[in-house]
Amino acid sequence: MVTILATANDAVADIGDGATVMIGGFGAAGQPVELIDALIECGASDLTVINNNAGNGDVGLARLIRERRVRKIVCSFPRQSDSWHFDEEYRSGRIELELVPQGNLAERIRAASAGIGGFYTPTGYGTPLAEGREVREIDGRWYLFEQPLHADFALVKAHIADRMGNVVYRKTARNFGPIMAAAAATSIIQVSTVVPVGQLDPESIVTPGIYVDRVVLVDAARLGEAATAGGRR
Amino acid sequence: MTMPASRRTGLTLEELAGAVAQDIPAGAYVNLGIGLPTMVANHLPPERGVVLHTENGMLGMGPAARGDDIDPDLINAGKVPVTEQPGASYFHHADSFAMMRGGHIDVCVLGAYQVSARGDLANWHTGRPDDIPAVGGAMDLAVGAKAVFVMMPLLTRDGGPKLVRECAYPLTAVRCVRRVYTDLAVFLIGPTGVTVRETFGIDLADLQQILGIPLHWD
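Protein chains in written order, with numbering that gives the first Met the number 0: chain W, 0 to 232; chain S, 0 to 217.
Simulated from the structure, these hints should not be mistaken for lab results.
Among these hints, one or two may not hold up.
[Said to hold, decoys possible] Below, in silico cross-link-like pairs of lysine to aspartate or glutamate (EDC-like), each with a Cα-Cα straight-line distance of 20 Å or less:
#1 Lys161(S) x Asp94(S)
#2 Lys71(W) x Asp129(S)
#3 Lys71(W) x Asp36(W)
#4 Lys71(W) x Glu95(W)
#5 Lys71(W) x Glu87(W)
#6 Lys161(S) x Glu197(S)
#7 Lys71(W) x Asp130(S)
#8 Lys71(W) x Asp86(W)
#9 Lys145(S) x Asp138(W)
Build the full structure now, drawing on both the sequences and the hints.
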């Protein structure tokens, strides 16, 4: 049963120290900046964060890292022209990095959502990321064993939700949102619009409400501004 | 190191992008890697019907967005604002990488630090201890696309070859590269080794001397 909340702070209040948190977004697109700001305010630290990147610029995930709330990050592409906060924390040994090829990251999240105990993938075989890992030959091709990635919470930015927690996304801001919402024990979705039940076309719903625990309505104007500020490369 | 005159007349990067584009079949689903390969898009005529895939969940990606068309929710793998072509579709990350890994992408074009004579690719990490590694979608593309094309200058700034017997950099994937497009020559990589398909402003003897790996040509 989904709860519709008025503030991001209420939505993240029970995220405690040491929690594993999936955070949606690819760079700034789909990054739930308001939920991350609330997470910073709620004070949780020693977090394990799962995201594609390791923060861009000074907002959102970058600020969470700068505030030293993240003990470990699981991601595919930490180093970017504007990942200076992560770079500094990593070089000074204050943050642990688990680097995962992007498709393995996505599939590990999907596997967790689908109750899969692991899978064999060709991605990464024969590379340094496969060192010490289980490999297997299947029909003449070599594969690497990957395990699911679970999380206590997912923070996701979507576009519109209805009051049953059915969700649609916008363009490439969809990215990791649907799989993270489905994988985490508790999924918290920020949207710019909440509509009455029946207003979303059932054929178009991307994340069905069964995966969604909390929906937060955030101010659309401020959301646009935050996305633009973090959108530079 | 003195450059022989013949080495100065290779293709410009723009011409190289054109050469890659020429070999992309009509109607192909194509992923262009970050950096140099994005230039290939400028040389794909609309009537060819090539559909561009971007790893962050889109098919039917159009050119870079300008002015009022810039939408922070519509970006490419390099996080540059782009546009939508008619017939575009959006999907989540697990689907996007299933398209790659599952062999649904016809061609991907990637940049590289090095390619080995048997088609190993190194393009994600310099391996320097002070370098922060970042892999992104490179490994998935390299193992999954039906044809992996590499586009790169043949020589490093120091004049050393980037098509080598064994990659010195950490690998992205083993035996995955089918063609290497460079400013000086196009190479085909197959079970019998490296074949020179064409050269640009350099003769075969010179090319052989620079590379020092066995080369075939027809």
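Quick one: which hint numbers does this structure break? Sort them smallest to largest. 1
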